[in-house]
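Chains A and B are the protein sequences, given in the same order.
When we follow the working numbering, the leftmost residue of the first sequence carries the number 1, and every step to the right adds one.
When we follow the working numbering, the leftmost residue of the second sequence carries the number 1, and every step to the right adds one.
Careful, some of the hints might be misleading.
Stated by the list, open to error - Below, a list of computed lysine-lysine pairs in the DSS-like style, where the Cα atoms sit at most 25 angstroms apart:
{"no.": "1", "chain 1": "A", "residue 1": "LYS337", "chain 2": "A", "residue 2": "LYS354"}
{"no.": "2", "chain 1": "B", "residue 1": "LYS108", "chain 2": "A", "residue 2": "LYS469"}
{"no.": "3", "chain 1": "B", "residue 1": "LYS127", "chain 2": "A", "residue 2": "LYS424"}
{"no.": "4", "chain 1": "B", "residue 1": "LYS125", "chain 2": "B", "residue 2": "LYS113"}
{"no.": "5", "chain 1": "B", "residue 1": "LYS151", "chain 2": "B", "residue 2": "LYS127"}
{"no.": "6", "chain 1": "A", "residue 1": "LYS140", "chain 2": "A", "residue 2": "LYS110"}
{"no.": "7", "chain 1": "A", "residue 1": "LYS110", "chain 2": "B", "residue 2": "LYS151"}
{"no.": "8", "chain 1": "A", "residue 1": "LYS43", "chain 2": "A", "residue 2": "LYS166"}
{"no.": "9", "chain 1": "A", "residue 1": "LYS453", "chain 2": "A", "residue 2": "LYS424"}
{"no.": "10", "chain 1": "B", "residue 1": "LYS129", "chain 2": "B", "residue 2": "LYS182"}
{"no.": "11", "chain 1": "B", "residue 1": "LYS108", "chain 2": "B", "residue 2": "LYS165"}
{"no.": "12", "chain 1": "A", "residue 1": "LYS453", "chain 2": "B", "residue 2": "LYS151"}
{"no.": "13", "chain 1": "A", "residue 1": "LYS469", "chain 2": "B", "residue 2": "LYS129"}
{"no.": "14", "chain 1": "B", "residue 1": "LYS165", "chain 2": "B", "residue 2": "LYS212"}
{"no.": "15", "chain 1": "B", "residue 1": "LYS182", "chain 2": "A", "residue 2": "LYS110"}
{"no.": "16", "chain 1": "A", "residue 1": "LYS165", "chain 2": "A", "residue 2": "LYS197"}
{"no.": "17", "chain 1": "B", "residue 1": "LYS113", "chain 2": "B", "residue 2": "LYS182"}
{"no.": "18", "chain 1": "B", "residue 1": "LYS212", "chain 2": "B", "residue 2": "LYS238"}
As the list claims (entries may be wrong) - Far from chain A, by Cβ distances over 12 angstroms, these chain B residues were calculated:
{"no.": "19", "residue": "ILE24"}
{"no.": "20", "residue": "GLY58"}
{"no.": "21", "residue": "ILE60"}
{"no.": "22", "residue": "PHE120"}
{"no.": "23", "residue": "LEU128"}
{"no.": "24", "residue": "ILE183"}
{"no.": "25", "residue": "ASP214"}
{"no.": "26", "residue": "ILE224"}
{"no.": "27", "residue": "ARG226"}
{"no.": "28", "residue": "SER249"}
Simulated from the structure, these hints should not be mistaken for laboratory data.
Model, not experiment: these values are computed from the prediction.
Note that the Cβ used here is the ideal one computed from N, Cα and C, for glycine as well.
Single-letter residue listing:
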Amino acid sequence: MTDAALDKLLQQDYQHGFVSDIESDTLPCGLSESVIRTISAKKNEPEFLLEWRLKAYRHWLTLSEPHWADYMHYPAIDYQAISYYSAPKVKKQLKSLDEVDPELLRTYNKLGIPLKEQEFLAGVAVDAVFDSISVATTFKEKLRGMGILFCSFSEAVQEYPELVKKYLGTVVPPQDNFFACLNSAVFTDGSFCYIPKGVRCPMELSTYFRINAANTGQFERTLIIADEGSTVSYLEGCTAPQRDENQLHAAVVELVALDNATIKYSTVQNWYPGDKEGKGGIYNFVTKRGHCRGVNSKISWTQVETGSAITWKYPSVILQGDHSTGEFYSVAVANHKQQADTGTKMIHIGKNTKSTILSKGISAGSGQNTYRGLVRIAPSAENSRNYTQCDSLLIGDRCTAHTFPSIETKNQTAQVEHEASASKISDDQLFYCQQRGIATEDALSLIVNGFCKAVFKELPMEFAVEAQKLLGVSLEGSIG
Amino acid sequence: MLKIQNCHAEIDNKTILRGINLDIKPGEVHAIMGPNGSGKSTLANVLAGRGSYTLTQGSIRYLDQDLLELSPEQRAQAGLFLAFQYPVEIPGVSNVYLLKASLNAIRKARGEKELDAMDFLALVKEKLKLVEMDQDFLYRSVNEGFSGGEKKRNEILQMALLEPKLAVLDETDSGLDIDALKIVSNGVNRLRSPQRSMILITHYQRLLDYIKPDYVHILAGGKIIRSGDFTLAQTLEKDGYATILQEESVA
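Kindly generate the complete structure, drawing on both the sequences and the hints.
Set out below in structure tokens:
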């Protein structure tokens, strides 16, 4: 932001604080066509979208919940016991950080979150000169001036319905899987982003700038379209631990990259993993997929998953355009009783396509970490190349790591490389650090960060620093 | 500086040290020599606080504290340094990062201000000269892909940086060619001071030609069977362990 713009902002009178109108209605629990019609009506959606939802819902009724990952244990989800629409909640306003759970504050401090942000996150009434709405508005105006559309999904449906209609469901059709289907029927909000031809988005787009970012919806829907020759870097999530009464989070994220366009999507997720027994944690069942539709397009997924009781996600890339590139960089932590089943699918269809997979799994406590990857080379995919490296780190003797790499090639010119390693944090390494005066927890953090370095390198800088601290916090107590 | 009294130590229920007595004053350099399996590395690990070893009898006092009360990192923060015989690799962690983390951890424990990146880099550049190493060495992962000589020089670099009061050098000469040995020895000698004591653990007399000790002890079967000044090393070189062991009726 220029000095002039900043000055202007600071001189503005303080506007209303961060309070949304309280809507007094919340739908009772249960799912039916009438619930869906109500949701669509409340959001004033155009006809095509209501029809789209209903079609998805009718299809969902014919599906049964997937249980192929039979080692994963979680109590059955009662879909009729969920309320599918509730008004944005006004968080109970606390007077100061003194009223906040000290454990939470300790975590914020360890993550290096500035005090003002801590107040905001914890729900303390913020008495700031400029608040998140003002900052967000200023940035959005600047982006709008460049033709970049960045707003909530609901807003996009109102303002840009043709774009939504053109691209929604083209990467993850409702029939794709059980949870994506449910999401298609009942999604409430998410992010929408469109970058016009030839435009390089000048800043990293973050969900923080979306209004009500801290209240993550249960069934989020995100759509990002990068038109020809454009570039965008998008950040999702935050390192601060987030709780939600809603256990099931089944989001859908669709990315579309046209000719010569690049989308970089980074996620740092630290949702409540449940108590030490694993109870009450969040289930993160999300479908994320990118479509390299255009020639020479590129989509990269970078994720650091340290939270959730169960993480079940496979951010994937369909490499349709010739010379397109897909990348997947991941650090997944499973500590205490967490279960993570994550990986990616790289589907090579066009010619001269390339994909890179770098997966780092860390298991500690009684955590279970599984990498599931698919590299599929279609007959049409001449000269495709894939490199996969999948490393597991085990801390302690009760955790597990599984790897299920799958390679299907139907074209003889394909070059596919796969490397895997499994290691433990060695006592020797820890002792070496201790003998150099470094305390055990810090030594562990040092070594684990070294293990994850290749992935952290791919994160936008602000996330990378937070991610390192987050790793330290999520592995506390795993040694000794 | 260090007082070991009647120290018995075991690992995996196997007794290795059977009554070690050693008294080291500030500024002194003691060499401990012995055949394989005599307990030299055990002694080094017991001093550093390696958890797998248990002291079954005896006491160790360091700077008038009970050493056994301190955790390994506390011992390091109190100025005890171990140059490892087989320095371990830590992939992904750059040398400079570990050095800085280590120095600052020790400074913090001593109540000193931690160094920022710039001051630290200036300091480390000075110390690099001591072991004749290049700057790009700092940016490699700790010990990863290092030659034997480089690993040992890295240990001495750390010693130069952390400025310990008591340095235990566990077979620092093993695996070194003559040139590397000279560089390492030179570095160690430049670190000698009246406030600093050293324990040199080695098989061979050769190291002691370069780093002249004040005292030499011969360790065999878990006990110190003979002590003397640096001429004892020459005697050992001439007569070999077998003779000395026989003379002391330990064989």
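Status of each hint after checking the structure:
1. LYS337/A x LYS354/A: Violated: LYS337/A and LYS354/A sit about 36 angstroms apart, past 25 angstroms.
2. LYS108/B x LYS469/A: With a Cα-Cα distance of about 20 angstroms, the restraint between LYS108/B and LYS469/A holds, given a limit of 25 angstroms.
3. LYS127/B x LYS424/A: Violated, at roughly 33 angstroms.
4. LYS125/B x LYS113/B: holds (20 angstroms)
5. LYS151/B x LYS127/B: holds (15 angstroms)
6. LYS140/A x LYS110/A: violated (31 angstroms)
7. LYS110/A x LYS151/B: violated (34 angstroms)
8. LYS43/A x LYS166/A: holds (20 angstroms)
9. LYS453/A x LYS424/A: Status holds; Cα separation ~17 angstroms.
10. LYS129/B x LYS182/B: holds (14 angstroms)
11. LYS108/B x LYS165/B: holds (17 angstroms)
12. LYS453/A x LYS151/B: The given pair, whose Cα atoms are some 22 angstroms apart, holds under the 25 angstroms limit.
13. LYS469/A x LYS129/B: violated (34 angstroms)
14. LYS165/B x LYS212/B: Holds: LYS165/B and LYS212/B sit about 18 angstroms apart, inside 25 angstroms.
15. LYS182/B x LYS110/A: violated (46 angstroms)
16. LYS165/A x LYS197/A: Given that 25 angstroms is the threshold and the Cα spacing comes to 19 angstroms, the pair holds.
17. LYS113/B x LYS182/B: violated (35 angstroms)
18. LYS212/B x LYS238/B: holds (17 angstroms)
19. ILE24: Nearest chain A Cβ is 19 angstroms from ILE24/B, so the label holds.
20. GLY58: holds (22 angstroms)
21. ILE60: Answer for ILE60/B: holds, closest chain A Cβ roughly 16 angstroms.
22. PHE120: Answer for PHE120/B: holds, closest chain A Cβ roughly 14 angstroms.
23. LEU128: About 17 angstroms separates LEU128/B from the closest Cβ of chain A, which puts it past 12 angstroms; holds.
24. ILE183: For ILE183/B, whose nearest Cβ neighbour in chain A is about 22 angstroms away, the distance exceeds 12 angstroms, so it holds.
25. ASP214: holds (25 angstroms)
26. ILE224: Given that every Cβ of chain A is farther than 12 angstroms from that of ILE224/B, nearest at about 24 angstroms, it holds.
27. ARG226: holds (30 angstroms)
28. SER249: holds (37 angstroms)
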